[in-house]
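Engineer: Single-letter residue listing:
There are 2 protein chains.
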Amino acid sequence: MHKEGKMLFETIAFDADDTLWHSESHYQDAQAALAELLAPYGVDAETVQDALYHIEVANLPTLGYGAKAFTLSMIEASIETTSGRIRAADIQQVIRLGKSMLSHDVQLLDHCHETVARLAQSHALMIITKGDLMDQERKLAASGLGQYFQRVEVVSDKSTEVYSAILKKHGIAPERFVMIGNSIRSDILPVLDLGSWAVYMPYHVIWAHEVAEVPVETQERFFEIDHLGQLPELVERMENEHIS
Amino acid sequence: MHKEGKMLFETIAFDADDTLWHSESHYQDAQAALAELLAPYGVDAETVQDALYHIEVANLPTLGYGAKAFTLSMIEASIETTSGRIRAADIQQVIRLGKSMLSHDVQLLDHCHETVARLAQSHALMIITKGDLMDQERKLAASGLGQYFQRVEVVSDKSTEVYSAILKKHGIAPERFVMIGNSIRSDILPVLDLGSWAVYMPYHVIWAHEVAEVPVETQERFFEIDHLGQLPELVERMENEHIS
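Chains as they are written, first to last, in the numbering used here: chain A, 1 to 244; chain E, 1 to 244.
What the hints contain is simulated information worked out from the structure, not anything from laboratory work.
None of the values given here were measured: they were computed from a predicted structure.
Backbone N, C-alpha and C fix where the C-beta goes; we use that ideal spot for every residue, glycine too.
It is possible that part of the hints are untrue.
Only pairs whose alpha carbons sit at most 20 Å apart, straight line, appear in this in silico EDC-like list of lysine to aspartate or glutamate [stated by the list, open to error]:
| # | chain 1 | residue 1 | chain 2 | residue 2 |
| --- | --- | --- | --- | --- |
| 1 | E | K169 | A | E80 |
| 2 | E | K168 | A | E137 |
| 3 | A | K169 | E | E80 |
| 4 | A | K99 | E | E80 |
| 5 | E | K99 | A | E137 |
Covered by chain E, according to a simulated footprint, are these stretches of chain A (three or more residues, beta-carbon under 8 Å) [claimed, not checked]:
| # | region |
| --- | --- |
| 6 | 68-74 |
| 7 | 77-91 |
| 8 | 97-109 |
| 9 | 204-215 |
Incomplete in silico selection of chain A near chain E, CB under 8 Å [claimed, not checked]:
| # | residue |
| --- | --- |
| 10 | T62 |
| 11 | L63 |
| 12 | E137 |
| 13 | A141 |
| 14 | V154 |
| 15 | T218 |
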């Protein structure tokens with residue numbers, strides 16, 4: 001039930017990985033399993049972590065985000081850190097690790113289902129996420145949340161231009177758009193840059209590449225919550241305070 | 001300039017890989033390079049081809065389409081066909097092959113640019129393609145064709161349901177939609193199934209997994225061309241003959 005004209009927000013958009021469902025923890029688990037696999041070659045966990053990080057960042061322009069890119073980077077990190085000593089059978093193990101990331105159960109964050117269901121009664125909801133298209137579709141289907149979202153946008157990167165194109169495509173005014181996510185760099189900054197609103201919800205781990213800071217001049221459109229259970233009240237408060 | 005009401009087709013949609021630009025030839029080149037890389041291990045080209053095909057098909061449900069999935073399948077095929085004897089340095093070579101597929105130049109098919117430019121003057125054009133989202137965006141940008149397409153849909157699979165959802169989303173009537181592509185299985189059958197029109201344009205090579213046959217009862221909405229230069233006349237003929 002939309003009450004048009006009474007709402008500040010026309011659309012409430014959510015990041016998916018680590019905002020609706022757990023994701024980074026699977027990457028961290030895979031990385032820990034990789035370190036275990038490479039330990040017999042005399043490679044320590046920190047060396048694996050450093051190599052994987054620099055390889056992932058170097059691969060971003062070519063491979064992009066998601067579990068398939070991560071798997072290829074894990075293989076390269078295995079070869080690099082073992083100076084090419086890694087056996088083919090262990091590389092097959094790395095691929096198995098990667099595939100398990102593409103088929104794991106979807107675990108929703110706390111309060112996710114009831115918050116999304118509640119906000120869907122009053123607002124149009126959207127997902128804007130990076131990652132492998134097929135994997136995100138799989139996770140959305142497995143999440144049981146599909147019915148609540150009117151639009152799902154899987155994008156290759158989350159730049160200001162990408163958000164701007166999405167708002168334009170759907171005819172959404174930037175000042176009536178709010179984005180919720182766990183990455184300042186991908187979910188918050190570009191949205192504030194457009195003149196939209198942003199709600200930051202930190203996840204307990206984050207990929208170092210996503211870390212960034214919020215500029216002071218946009219703080220009035222920037223909010224923070226600890227968990228999704230706080231979102232409905234926050235949205236109500238934002239709308240009451242900012243509707244003219 | 002759209003002349004609404006005079007046109008049979010509201011939207012003309014194109015597959016991208018091997019319909020607008022060359023793609024399968026890059027896969028075949030990579031496969032040939034893989035066979036060359038594995039020859040010193042005593043593996044012949046046919047063994048590589050067979051292993052790669054069965055691994056790719058087995059990986060489809062988990063990894064989907066595109067160059068990253070193909071690269072992971074090439075690595076698995078290397079391990080399998082050499083019974084694990086492949087050296088890490090050669091696996092790094094396989095990854096390099098895969099990355100070169102994600103950065104090669106985009107070569108348009110014959111007559112592509114002028115045909116697309118001409119049809120864009122009279123019809124709304126759309127791209128519907130499988131593959132890695134980021135890679136397809138890269139190729140579209142590099143193709144110089146972006147300006148002619150009003151909508152670009154990168155999908156994880158091309159089923160009847162997927163086409164149906166796209167038409168519904170954009171409010172396109174199935175009987176006013178035509179799809180052009182090189183895969184009977186992905187571009188033609190699901191579209192005919194919906195009651196839409198289809199133009200098949202065979203490419204000189206096709207992945208065996210895409211091969212299929214057109215049912216007789218849909219033949220009146222099925223057309224075939226040899227190259228894109230024939231498309232504008234065909235569309236004109238279809239519209240003249242079938243507009244009531």
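Engineer: Would you list, in rising numerical order, the hints stated earlier that this structure does not obey?
Structural biologist: 1, 3, 5, 9, 13 and 15
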